[in-house]
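*Asks:* If you read the protein sequences in the order shown, they are chains A and B. UniProt numbering numbers the first residue of the first sequence as 1 and each following residue consecutively. UniProt numbering numbers the first residue of the second sequence as 1 and each following residue consecutively.
Do not rely on the hints blindly, as some may be mistaken.
Put simply, identical chains are the same to the list, so a pair is met inside one copy or across any two.
[Said to hold, decoys possible] Pairs of lysine-lysine residues, derived as DSSO-like cross-links and limited to a Cα-Cα distance of at most 30 Å, are as follows: (1) Lys307 x Lys33; (2) Lys373 x Lys33; (3) Lys36 x Lys373; (4) Lys92 x Lys64; (5) Lys33 x Lys59; (6) Lys33 x Lys270; (7) Lys8 x Lys121; (8) Lys307 x Lys36; (9) Lys64 x Lys373; (10) Lys8 x Lys246; (11) Lys27 x Lys92; (12) Lys33 x Lys398; (13) Lys200 x Lys64; (14) Lys244 x Lys373; (15) Lys8 x Lys270; (16) Lys33 x Lys200; (17) Lys27 x Lys373; (18) Lys398 x Lys244; (19) Lys307 x Lys8; (20) Lys36 x Lys270; (21) Lys27 x Lys246; (22) Lys307 x Lys398; (23) Lys398 x Lys200; (24) Lys109 x Lys121.
Worth flagging that the hints you see were computed from the coordinates, not collected in a lab.
2 protein chains.
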Amino acid sequence: MEKNLYEKIANTIEQQVREGIYLPDTKIPSVRKTSKQFDVSVATVLQAYRLLEDRGIIKARPQKGYFVHSLPKRSQSLPTQTTMTGAPHTSKVTSIMTLLNQVLHASQKSDVTQFAAAIPKGLYLPIRQLQRSVGRLMRLEPEICATYAFTPGSEVLRRQIAIRMLDAGCQTAMEDITVTLGCQNALLLALQATTQRGDKVIIESPAYHGVLQAIDVLGLQAIEIPCHRETGIDLSSFEQELQKTKVSACIVTPNNQNPTGATMPPGARKRLLALAQRYDLVVIEDDVYGELGYAEQREHALKADDKDQQVIYCSSFSKSIAPGFRVGWLVGGAWQDKIEALAHAQSLASPTLTQTAIANFLENGAYDRHLRKTRQAYQENLARCVALIQQYFPEQTKCSQPQGGFLLWVELPESIDALAIYQHAAQQNIVIMPGQAFGLHDRYHNYLRINYALPWDNSTDNAIRVLGELCQANLHLTS
Amino acid sequence: MEKNLYEKIANTIEQQVREGIYLPDTKIPSVRKTSKQFDVSVATVLQAYRLLEDRGIIKARPQKGYFVHSLPKRSQSLPTQTTMTGAPHTSKVTSIMTLLNQVLHASQKSDVTQFAAAIPKGLYLPIRQLQRSVGRLMRLEPEICATYAFTPGSEVLRRQIAIRMLDAGCQTAMEDITVTLGCQNALLLALQATTQRGDKVIIESPAYHGVLQAIDVLGLQAIEIPCHRETGIDLSSFEQELQKTKVSACIVTPNNQNPTGATMPPGARKRLLALAQRYDLVVIEDDVYGELGYAEQREHALKADDKDQQVIYCSSFSKSIAPGFRVGWLVGGAWQDKIEALAHAQSLASPTLTQTAIANFLENGAYDRHLRKTRQAYQENLARCVALIQQYFPEQTKCSQPQGGFLLWVELPESIDALAIYQHAAQQNIVIMPGQAFGLHDRYHNYLRINYALPWDNSTDNAIRVLGELCQANLHLTS
Chain A
1 MEKNLYEKIA NTIEQQVREG IYLPDTKIPS VRKTSKQFDV SVATVLQAYR
51 LLEDRGIIKA RPQKGYFVHS LPKRSQSLPT QTTMTGAPHT SKVTSIMTLL
101 NQVLHASQKS DVTQFAAAIP KGLYLPIRQL QRSVGRLMRL EPEICATYAF
151 TPGSEVLRRQ IAIRMLDAGC QTAMEDITVT LGCQNALLLA LQATTQRGDK
201 VIIESPAYHG VLQAIDVLGL QAIEIPCHRE TGIDLSSFEQ ELQKTKVSAC
251 IVTPNNQNPT GATMPPGARK RLLALAQRYD LVVIEDDVYG ELGYAEQREH
301 ALKADDKDQQ VIYCSSFSKS IAPGFRVGWL VGGAWQDKIE ALAHAQSLAS
351 PTLTQTAIAN FLENGAYDRH LRKTRQAYQE NLARCVALIQ QYFPEQTKCS
401 QPQGGFLLWV ELPESIDALA IYQHAAQQNI VIMPGQAFGL HDRYHNYLRI
451 NYALPWDNST DNAIRVLGEL CQANLHLTS
Chain B
1 MEKNLYEKIA NTIEQQVREG IYLPDTKIPS VRKTSKQFDV SVATVLQAYR
51 LLEDRGIIKA RPQKGYFVHS LPKRSQSLPT QTTMTGAPHT SKVTSIMTLL
101 NQVLHASQKS DVTQFAAAIP KGLYLPIRQL QRSVGRLMRL EPEICATYAF
151 TPGSEVLRRQ IAIRMLDAGC QTAMEDITVT LGCQNALLLA LQATTQRGDK
201 VIIESPAYHG VLQAIDVLGL QAIEIPCHRE TGIDLSSFEQ ELQKTKVSAC
251 IVTPNNQNPT GATMPPGARK RLLALAQRYD LVVIEDDVYG ELGYAEQREH
301 ALKADDKDQQ VIYCSSFSKS IAPGFRVGWL VGGAWQDKIE ALAHAQSLAS
351 PTLTQTAIAN FLENGAYDRH LRKTRQAYQE NLARCVALIQ QYFPEQTKCS
401 QPQGGFLLWV ELPESIDALA IYQHAAQQNI VIMPGQAFGL HDRYHNYLRI
451 NYALPWDNST DNAIRVLGEL CQANLHLTS
């Protein structure tokens with residue numbers, strides 16, 4: 001009986017090691033702790049540990065305890081997936097998500113040239129000020145760990161956001177603002193508040209992939225309307241769509257659209273608002289790149305001209321201050337109460353520390369200077385990147401002309417498959433975002449998006465050259 | 001024409017001041033900045049500022065710029081609320097939410113005795129270690145500001161959670177865990193993944209109010225089943241309900257239920273799982289107080305006996321490490337993929353800094369010692385609190401007997417209205433949570449919940465005495 005018991009314990013611990021709960025070279029619980037956990041004698045645990053030593057699973061270190069030996073990890077056997085209730089999971093979105101997960105995962109590695117994710121490298125972020133701000137908060141206001149910044153969020157942050165909104169042309173009171181977990185969260189909450197499962201939503205094509213995801217999990221139907229590289233969403237197609245079908249909402253990016261870089265001209269904005277008014281359409285504005293326009297004067301938000309409260313404004317500080325802090329916001333207008341109820345039910349609050357650190361940075365007044373510096377750096381990177389693409393990529397390659405942000409949309413010759421370029425490039429530690437991630441139909445198989453918010457040096461030059469050569473090679477392969 | 005222009009600018013700035021965008025005694029933008037913003041001459045702005053000085057809105061301070069004068073705030077005129085699409089908003093939940101917002105807001109003030117919100121004061125949290133951990137991270141790994149801990153979340157955190165789950169009796173691999181924004185977020189995601197609008201969900205009565213909120217925003221129907229003070233949810237009523245109606249999911253709190261403190265005995269857990277199996281019911285387990293049981297050995301989770309993958313486990317570190325960090329998790333079993341897709345669409349990731357700081361604290365091994373200390377302190381507070389209630393409250397008052405956590409559920413004589421007690425107490429800077437917040441029907445009008453995770457001294461004693469006297473006074477008023 002006693003023999004069975006120590007074997008059982010040994011088997012349990014072995015399984016834990018194999019499942020990665022205890023990693024190689026880390027300590028496993030002491031004999032005393034394990035004896036308590038399994039409610040057995042110390043002697044039994046010692047027997048179990050000796051058995052594990054015999055099996056080569058653990059090793060005693062004198063005076064230190066028992067440590068896990070290096071061990072090949074067994075592949076995880078997961079429970080069978082039951083059929084999912086909820087949204088009809090279109091296989092297209094699922095495959096985009098699988099691709100996206102791969103790309104984002106690859107882009108997080110430290111030794112790659114990260115052209116893929118729309119995340120600026122640390123040198124373009126006010127890291128030193130954030131270090132100071134977080135350090136001071138934890139030192140002087142340690143109760144911040146215990147305090148909730150309940151939805152709609154920190155007052156000092158919302159006051160600072162209201163001031164920023166003036167530059168976007170919006171007279172927004174602190175009370176009109178809800179803090180969110182980045183812009184993605186703002187977009188999701190806006191959709192959730194204004195649509196119901198099965199509703200139709202107009203989106204740009206190509207679109208930011210987070211929009212495709214949000215629409216998918218909410219069980220909505222996306223209608224893709226072409227987005228021109230210079231002027232943004234095509235309002236003639238937009239209107240035709242409204243004439244023939246009931247649409248609940250649209251998601252547009254009037255400033256520096258991702259991935260095309262398009263900015264809608266004033267006339268188009270007016271026409272869009274008039275259409276929204278006529279067809280009783282909620283306009284969800286994604287302005288996450290709005291503060292990164294290259295012109296001296298910031299482009300106004302669409303929300304600035306929103307006389308009829310048709311627009312829900314969404315943005316965040318993820319592109320300009322701290323992506324990892326997940327601090328965004330929305331101005332919900334007529335939907336504000338409903339959005340606040342959703343946000344409260346979602347997580348009660350978002351973390352107090354990150355909200356307050358960003359508020360402090362905004363308060364100290366260095367943000368505008370920081371923006372000017374980074375916008376200039378992005379313009380320089382853009383010029384260098386485009387020049388290199390013209391030099392090394394196939395002749396028919398076309399680049400977008402972003403007037404802000406840090407994303408370049410590159411059209412390759414029709415015969416090239418961007419997914420193949422992604423795969424070949426990843427083998428050489430260069431990660432790009434293939435066009436396939438930006439739409440539900442395979443329209444963008446010969447496109448790729450390049451993030452140029454990274455330190456630009458000879459190795460970056462070289463990475464663009466390598467991409468160009470891969471494209472050339474693939475061109476010859478298929479033509 | 002020029003006259004109109006400067007008046008217009010003055011009016012705009014006055015409005016901003018009245019809306020609270022610029023607070024009393026803070027600086028408004030410089031003349032130069034305003035001239036750029038409105039694209040007018042410096043002279044025009046100076047005229048506008050002089051007009052504002054005349055109106056008493058701003059005041060020049062030599063060498064410093066223009067500052068807002070103290071000014072009574074105009075009540076905010078919000079846009080008319082349009083009809084909300086989505087869930088039929090039961091007025092009951094709305095009124096609970098309004099009440100809750102009031103109470104939570106009142107409980108955040110610095111000068112109150114905070115018996116209301118289920119948030120431990122800083123002395124019961126490992127603040128010093130968190131200060132060190134956050135400080136070290138920001139100093140040595142500043143790129144943490146720029147790095148996403150994409151869903152399912154930080155690996156080092158998930159590994160530490162997997163180790164904690166062993167104490168709860170669960171063999172959980174890192175891959176089975178999704179990091180969430182606190183337990184509330186875990187509960188919402190679990191419901192979202194397993195139900196559809198209109199579905200019926202069994203909940204405990206009294207219930208944690210976040211559950212009522214989540215069910216409301218998802219458009220689900222709550223079925224309230226009584227929760228006994230000692231043994232938890234009443235399984236006979238539970239089974240009767242299942243026999244007569246199709247229920248999709250239930251949310252239960254097997255360990256130290258909020259607010260009753262109940263812990264389900266082993267037999268009840270087995271019966272619950274058998275019922276779930278027989279009626280094809282998803283069991284969402286809220287174990288947020290699981291680690292705060294007073295017994296030497298931690299009570300297992302229901303999930304520990306979940307052979308058929310019916311249970312989704314939800315918990316967080318908000319009750320024991322850092323409420324304001326919003327770090328929770330779930331183990332989704334068969335629904336894991338769907339839940340991860342929902343969490344990714346929700347916000348891509350939760351903040352990296354807070355996740356990593358908690359992981360580091362767990363790694364350094366001081367968590368168990370911290371838990372032992374706080375659990376002991378809570379038991380002492382509980383004893384003192386109950387003794388005082390027996391001394392000062394009306395004779396028929398009954399207290400729950402929590403075996404863990406830091407919440408006491410107090411039943412007052414039938415004739416007392418807890419809302420009135422709340423209002424009177426708040427005037428004396430004592431905040432409690434009235435029973436009305438814990439159910440959809442007015443069953444708990446004569447109950448209140450007391451958070452005893454606060455420093456307990458003479459003034460706390462005194463606050464309980466004041467509450468007792470208020471109850472006595474209200475008793476005589478109504479009888």
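*Asks:* A separate judgement is required for each hint: does it hold in the structure or not?
*Replies:* Quick rundown of the hints versus the structure:
Taking the shortest alpha-carbon separations for Lys307 and Lys33, only the inter-copy value of 26 Å comes in at or below 30 Å, while the best intra-copy value is 66 Å. In the homo-oligomer, the alpha carbons of Lys373 and Lys33 lie at most 30 Å apart only across protomers (18 Å), although the nearest pairing inside one protomer, at 55 Å, exceeds that limit. In this assembly of identical chains, Lys36 and Lys373 lie within 30 Å of each other by CA distance solely across copies; the values are 19 Å between and 59 Å within a copy. Neither within a single protomer nor between protomers do Lys92 and Lys64 lie at most 30 Å apart by alpha-carbon distance, with minima of 52 Å and 59 Å respectively.
In this assembly of identical chains, Lys33 and Lys59 lie within 30 Å of each other by CA distance solely inside one copy; the values are 17 Å within and 68 Å between copies. Within a single copy, Lys33 and Lys270 get their C-alpha atoms only as close as 69 Å, which misses the 30 Å cut-off; across copies the closest is 27 Å, which meets it. In the homo-oligomer, the alpha carbons of Lys8 and Lys121 never lie at most 30 Å apart, since the shortest distance is 50 Å inside one protomer and 42 Å across protomers. With identical chains, the CA atoms of Lys307 and Lys36 are at most 30 Å apart between copies only, with a shortest distance of 24 Å across copies and 67 Å within one.
Proximity of Lys64 and Lys373 under a CA criterion of 30 Å is satisfied inter-copy only: 25 Å between copies versus 52 Å inside one chain copy. Neither within a single protomer nor between protomers do Lys8 and Lys246 lie at most 30 Å apart by alpha-carbon distance, with minima of 63 Å and 41 Å respectively. In this assembly of identical chains, the alpha carbons of Lys27 and Lys92 never lie at most 30 Å apart, being 44 Å within a copy and 52 Å across copies at closest. In the homo-oligomer, the alpha carbons of Lys33 and Lys398 never lie at most 30 Å apart, since the shortest distance is 64 Å inside one protomer and 38 Å across protomers.
In this homomeric assembly, Lys200 and Lys64 never come within 30 Å of each other (Cα to Cα): the closest approach is 62 Å inside a single copy and 54 Å across copies. For the identical chains of this complex, Lys244 and Lys373 are neighbours neither inside a copy (47 Å) nor across copies (67 Å), given an alpha-carbon limit of 30 Å. In this homomeric assembly, Lys8 and Lys270 come within 30 Å of each other (Cα to Cα) only across copies, at 23 Å, whereas the closest approach inside a single copy is 72 Å. For the homomeric pair Lys33 and Lys200, neither the shortest alpha-carbon distance inside one copy (57 Å) nor that between copies (43 Å) is at most 30 Å.
Only between protomers do Lys27 and Lys373 lie at most 30 Å apart by alpha-carbon distance; the minimum there is 24 Å, versus 48 Å within a single protomer. With identical chains, the CA atoms of Lys398 and Lys244 are never at most 30 Å apart, being 34 Å at best within one copy and 65 Å at best between copies. When the C-alpha separation of Lys307 and Lys8 is checked against a cutoff of 30 Å, the pair qualifies only between copies, where the shortest distance is 18 Å, while the shortest distance within a copy is 71 Å. Taking the closest pair of Cα atoms, Lys36 and Lys270 come within 30 Å of each other only across two copies (24 Å); inside a single copy the shortest separation is 71 Å, beyond that limit.
For the homomeric pair Lys27 and Lys246, neither the shortest alpha-carbon distance inside one copy (61 Å) nor that between copies (48 Å) is at most 30 Å. Taking identical chains as interchangeable, the C-alpha atoms of Lys307 and Lys398 are never at most 30 Å apart, the minima being 38 Å within one chain and 57 Å between chains. Proximity of Lys398 and Lys200 under a CA criterion of 30 Å is satisfied in neither setting, with 32 Å inside one chain copy and 54 Å between copies. For the homomeric pair Lys109 and Lys121, the shortest alpha-carbon distance inside one copy (13 Å) is at most 30 Å, but the shortest distance between copies (39 Å) is not.
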